[in-house]
Amino acid sequence: KQWYQRRVRGIDDLNPAYCAAYPNIVIMCGVNSVRKPDVGEKEIQEYYRLYKQKIQEIRILNKKGNIYVCPIAPTKKETLNQLVSQFNRLLFNDLCRSPTCGAIYVQGFADLVDPRYGRLSEKFSYPGDNLHVNYAGAGIIARSIKNVMNVTKMNKVHESRSYAAAASHGTDVHEGDRDHVS
Numbered sequence: 107k108q109w110y111q112r113r114v115r116g117i118d119d120l121n122p123a124y125c126a127a128y129p130n131i132v133i134m135c136g137v138n139s140v141r142k143p144d145v146g147e148k149e150i151q152e153y154y155r156l157y158k159q160k161i162q163e164i165r166i167l168n169k170k171g172n173i174y175v176c177p178i179a180p181t182k183k184e185t186l187n188q189l190v191s192q193f194n195r196l197l198f199n200d201l202c203r204s205p206t207c208g209a210i211y212v213q214g215f216a217d218l219v220d221p222r223y224g225r226l227s228e229k230f231s232y233p234g235d236n237l238h239v240n241y242a243g244a245g246i247i248a249r250s251i252k253n254v255m256n257v258t259k260m261n262k263v264h265e266s267r268s269y270a271a272a273a274s275h276g277t278d279v280h281e282g283d284r285d286h287v288s
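Position in the sequence shown (from 1) plus 106 gives the number in my numbering.
What the hints contain is simulated information worked out from the structure, not anything from laboratory work.
All the pointers check out, no bait thrown in.
Label pairs and their calculated CB-CB ranges: (1) 169 / 236: 36 to 44 Å; (2) 234 / 200: 32 to 40 Å; (3) 206 / 128: 18 to 26 Å; (4) 156 / 245: 26 to 34 Å; (5) 166 / 118: 16 to 24 Å; (6) 146 / 248: 31 to 39 Å; (7) 121 / 203: 21 to 29 Å.
Capping the alpha-carbon separation at 20 Å, the derived lysine to any residue pairs in SDA-like fashion look like this: (8) 169 / 201; (9) 229 / 216; (10) 170 / 254; (11) 229 / 245.
In this text, a Cβ means the ideal position worked out from N, Cα and C, and glycines have one as well.
Put together the whole structure using the sequences plus the hints.
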């Protein structure tokens, strides 16, 4: 298995060329870019535009790789969570439905939220830290990534088997028709 971790300070520093050779690419943004003092809706839109552009560049360089995008994790600050939610909605509603990106949204981060308060649960964060998940929280994130990767892998196996079955029965299946083979 190939594994390469590259931590960047911000989306500006993400070099799509680093992702060109990998079959699975996981992009996870932290909260730092949206927690700056003067960040509002306009800045979130701009940050998202740059993020989407980077994903499109990765897709151009790596046409076959699975690109998994993680939402920004919730925090204990309500005002910050509003900005986080705005960014995450853009990821889910636009980026992951964009044919030029082909990105897969990593679900499961909602498990980090305390449903009573709608913010990062105390059991998944460090005492006195409003932003970062603890070891248990990191475990939930890792499990969420692993789960979506397993589902993607199973879907590809199923698709491959369906395609092979159709081909062995003499059915004419074109590349663009793979999703429609049963």
